[in-house]
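Chains A and B supply the protein sequences, listed in that same order. Numbering-wise (the numbering used here), the first sequence opens with residue 105 and increments by one. Numbering-wise (the numbering used here), the second sequence opens with residue 105 and increments by one.
If you are wondering where the hints come from, they were derived from the structure by calculation, not from laboratory data. Possibly wrong hints are sitting among the right ones.
Because identical chains share one entry, a pair is satisfied inside a single copy or across any pair of copies.
To be verified - Quick list of in silico lysine-lysine cross-link-like pairs, BS3-like style, CA-CA up to 27 Å:
no., residue 1, residue 2
1, K172, K497
2, K497, K571
3, K680, K513
4, K571, K627
5, K671, K513
6, K506, K680
7, K312, K842
8, K571, K644
9, K506, K671
10, K758, K822
11, K625, K571
12, K186, K680
13, K256, K300
14, K604, K571
15, K513, K800
Owing to the predicted nature of the structure, the values given are computational and were not obtained by experimental measurement.
Number of protein chains: 2
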Amino acid sequence: MNYNNFFEIKDGWNLQIKELKEDQLVHYGSNLLCGNGYLGYRGTLEEWGKEQYQACVITDTYDMADGKWRELSNSPNALTTKVTVNGKDFGDYPKEDRITTELDFNYKYGIFKRISQSKLESDFEIVSERFASYDNLHLIANKYQINNLDKKEMKLKIGINGDIWDLNGCHLENFTGEYDSNKNIVYLKANTVESKITLVTALSFEFKKGKIKNLKVENEEKSIYLLIKAEAESEKIEMERNMIVYSSNDLNGPLKAALNDAESALKIGYDELKEKHQAVWDKKWELMDIQIKGNLLDQLAVRFNLYHNIIATPAHSERLPIGARGLSCQAYQGSAFWDQEIFNLPMFLFTETETAKNILKYRYHTLDGARQKAEDLGYAGAFYAWISGKSGKELCPSFFFKDVISGRKIRNHFNDWQIHVSPDISYAIWKYYLATEDIDFIVNYGSEILFEVARFLNSRVHYNQFKDQYEIIRLLGPDEYHENVDNNAFTNYQTQFALKKALYFYFKMENEYPEKLEEIKDKINLNESEITAWQEISEKIYLPQPDQSNLIEQFDGYFELEDTTAKVLNDRLIDKAEYWGWPNGVAVFTQVIKQADVIQLFTLHDIFSEEVLTANYDYYEPRTQHGSSLSPSQYAVVAARLGRAEEAYDYFKKSAFIDLMSTNKAVSGGTFIGGIHTAAAGGIWQLIINGFAGMKIDKAGLSFKPVLCQEWEEIQFKLNYQNKKFEIRLNQNEFQLKTAADNSEALKFSVFEKEYFLDAAAEVKIKL
Amino acid sequence: MNYNNFFEIKDGWNLQIKELKEDQLVHYGSNLLCGNGYLGYRGTLEEWGKEQYQACVITDTYDMADGKWRELSNSPNALTTKVTVNGKDFGDYPKEDRITTELDFNYKYGIFKRISQSKLESDFEIVSERFASYDNLHLIANKYQINNLDKKEMKLKIGINGDIWDLNGCHLENFTGEYDSNKNIVYLKANTVESKITLVTALSFEFKKGKIKNLKVENEEKSIYLLIKAEAESEKIEMERNMIVYSSNDLNGPLKAALNDAESALKIGYDELKEKHQAVWDKKWELMDIQIKGNLLDQLAVRFNLYHNIIATPAHSERLPIGARGLSCQAYQGSAFWDQEIFNLPMFLFTETETAKNILKYRYHTLDGARQKAEDLGYAGAFYAWISGKSGKELCPSFFFKDVISGRKIRNHFNDWQIHVSPDISYAIWKYYLATEDIDFIVNYGSEILFEVARFLNSRVHYNQFKDQYEIIRLLGPDEYHENVDNNAFTNYQTQFALKKALYFYFKMENEYPEKLEEIKDKINLNESEITAWQEISEKIYLPQPDQSNLIEQFDGYFELEDTTAKVLNDRLIDKAEYWGWPNGVAVFTQVIKQADVIQLFTLHDIFSEEVLTANYDYYEPRTQHGSSLSPSQYAVVAARLGRAEEAYDYFKKSAFIDLMSTNKAVSGGTFIGGIHTAAAGGIWQLIINGFAGMKIDKAGLSFKPVLCQEWEEIQFKLNYQNKKFEIRLNQNEFQLKTAADNSEALKFSVFEKEYFLDAAAEVKIKL
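Please model the complete structure; the sequences and the hints are all you need to start from.
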């Protein structure tokens, strides 16, 4: 795979796409996304519409249309533009062949720029730049220029287009709009069909260059347009415009807010808006950037992934999830999976800890949804949704994929058998506590989650009186190709861990925060016999142990399945679009797994010997298809832990370029799954920090086992651990740790099991 | 459905098929089967071969060819015949259109007769009669005549044809054969490819009429033929011949035995062989016949079913199973299912109790196979095979059906999740004990089965500590369309019953047969803690109770499935040959069930109120497809118990004519499932005795709740209960019970809950 087929590198922050390829439209839209955790505006040309996957996804707008899947809504497009010169449209539409377009994207500030040049008689050119503001999350600012008009007749159509791309039915209805010709502000108001959220999209614009005549308003059912003619003498047109989106879930009176913002943005002007926006990013990168020396492509790819993990995350809210595809499109329903805690969160946990807290608080606010799900399925406590939106109610459809051969829907059991999401959340809370020592969070939020998860697990496990052990029956583990398995090692270990942490904080609170504990016990009606049960289960739960070959069986009977490879299975496909898993896909009766599973267990729990790690890595690696974007980063972390830096680097390439080189498929088993793989994005951070730097935290504290691949000269990044900041530099010969000047106490850590204490503004260099 | 499309009634024992229909060949072969529990010779013309589904299935010849399914072997055909007159073959081959054939079958003695008459120039005719002897189980005797030859030139080819029909690969190899011209005996010896059983097929023949010249021997790879010319002056040819089959599993030296039998049969002659054979049948019918007055078709149908249940049963052995298709073909691998105990056995239990004992002893002799299966799947005790051959090892293929749309095999879980067969066997042992008081059997055989089944159940159930109950997870109940269900009511109740009976006999033996108990405990290493566990499970096992509508849920969550009908589902089929069940068939996510399930529970356990029976019958009836031949008879029993005699009669028709009117399909989901439905045959006995006569036995003793459908004037049958024989007559007005003259003690029973005691040779008449 050659990246040149997809883009060119300008520098460590910028890429360029010299010429558009039609088959890449869906990928450009996602990869070149402008976003800020509130909205995501896809990397499409202003002239494009739903056929080219134009969309602006808005958080907190869950809606179900036509009885299909509940998902986030897209906003009408206030950057919609039609340019007609001498009666011809210019928009670099597929097969149009009138202009060529170059795309530039800056991942430092999320700035999308396009330059389109006419292939026809003159030098006519469209140049446009935009960003989704981090200073005002409701704003997308755009500067749109048309150059070298050469006195041609030009018509321009701008406005707000409500006829938009949706994956599962149209979410907006009852469109009303207005144009205020005094202020040059247009708005379009609509409401979502099921959830009745009001969504307001406003546009304010000003022509900075070029003379405009004859402005006409055109209303369509779902759109409002302004038809404009440029004066014949205009050589150049430059328009600044602002797209503003508010919903009634953001505040009361979204229309007023949108009109206010539209007006003030116009007053501030594009350049100042951009400065304010960039200042926020500068602050973020101060802690979150990772510098790679020695490979510019890899440097760019790392920042691509960091950027996408950041903009996918609704850091401004403690009540919103991180979508599995962020806000890059509606795929996966704009909702959180276990990815949120295990893949997206770690980066924030050691940098922007407030954001990490918000991510976990989201799980607190969705406890009722999780309780409802547990109750609906006959369990107690909190069984978190597999696909979790705002309320935490289960959004995962029972019939997720389709049998592409028969056309019949497949009853996948992601929503009722894939239980590990609940203990995964407990795990993340524990890690948050270790990294921040934020006992207030635990006492006020985390403990209730931990207790309710433990309660759920108690109701979910079964005691095998014959073997005197607790078992978990009928599961999906991380490897989703094997549904309906028993005692998935990953899930069983996570279950024990979640129970033990619930017990730990129960007894800690009993001694240190007894009133708080009583309050929670009263609130959730928790009684002592439940604590006894958690203790008994955590004592007697079956934890698959390494066998005489040091192998841990992924689930009961896994080793008896047909032993083959993904390559062989690929040849067995009847239709290349077939789903490989449940109930009758090619992988189901084989040892071929979709993604890291036992290996995933290793990345979360460093409790096995190197022999065990080696044996399992070597066994599972050739049997893993990496059909999930979550997989390569986890293999990389274990590879690095084993000192196999070059293998870790191979996985880096697999993981970092999933979106950047568009290796993923946008449709599987009849379901659109395109968009940015935010878990892979978050996984890149883990791969470097937990993998190459070998960083981990546990009860023993912070530690490092660094190893660096030959391809890179040096990596450099900052971390924030228990409110102590420090910088790491790692090259082939040396591991360097430098503490921040304003640290209020000494940092304790170990490198290769040797302990260090470092005061503020100190550094240590360790030869490797 | 009109039976005339299939056959004509001659009298209550005999049917006639006036003209052959090509699309019925597979059904004639099964319906007109000559059999005796050792072999089954299909109702095909002597001129036919494998294309017309000719086969002679031999018990105890399990073999696996080409890695396919293990099944019984077919014997080479020693009745093979080719008749050539004036250069033309006559055999009523499909589309040949030279002769027409009439078939007659006598169900009293299992005598197949065919008369074929030339459509061509003369009255040339073939008449042949045969039976599978009950006097010598290895013998099929045949009288073959060719009439009105009218001095034509005729060639005859007889011998033994080893090129035979097999469902799953050729089972025989290494053919050797010889013709002894002094004795007119031919034999063919071969061995099975996997199990290396020697199979000897012998033929002895004698021409009683007609002159024979020029006999030539022709050997083919798998066959040995005699080519014969009739003298020109022969007007008529009459040949008596005997087909003898022995295998090395029957005795050492099967060849010698076959040659001896062939020779002696020739000496005895056809007519005397027939007399001896008929004498055995006369004795059987003395106890087993059921007379129906008022409907000759129904009378014939009842005897058809009784006949087939008898000849399917290897009464001569205590080590052989009853095949789900008897010996009518190789379908279902010539092996036992739960049908054996629940459907085939009851008729013998109240008539030929030695046979009933043999059927149960078969389960004793296959305990090791059941233990092996349990161990292989991680359980203890005896998990009986879903498809059980001689050894009791699991013969059920993991991939049973095929997805006819994709062509991919389906992993049906009949072999690992359909556990009820084990407690079903315990149930049958209990009923045997009640009906016979044969405590010797319990002490020497039954108790070990009961203990090992209980032990298996202990290892199979899970304790739900959260609900303080034992549960059974991941099951198939009798309704096979719903795999992977929890707490199937039928299975859970059967499990409790099996545990309670194991406990009952454990304590009975502890007090009454302590040495025997110690012997078994030593043998199977049974300890007291297991007894405690059985007791605890039987106390705390979850037994779904009638809800406020009196309904018992078939399994957890059944009532939440889509509520629709089989008719609606039929329209959803993409391919009519599709399997309806697991994992993605049309019935899986609906309440449409294949067969009686909660209703099956009611036929085995009379512990629910009439309100509960009514509610469930009315609920489940319209949701039952009766896709299994096991289903209608069970609905009929419950209908009769509710006094709904006409509905019971409707089910009688559904059940009795499944084979007789060929309403079943021979292939489903790509698998050949043709042949005689022996469970439906046994079910007819239950339908009349347990249904119309309302007979049941439990700890309270023998009782009747008679009700008769309007269509019948009277039914009459005999029973043997605790070694006391009696005859029942039931008509619309009266229930009459007459005890046998040689009963040694009084018969105690109740009719409509009123108790009676009847000495030998006494009778009681009860007005209805």
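Going through the earlier hints one by one, which of them does the structure break, listed in rising order? 7, 12, 13, 15
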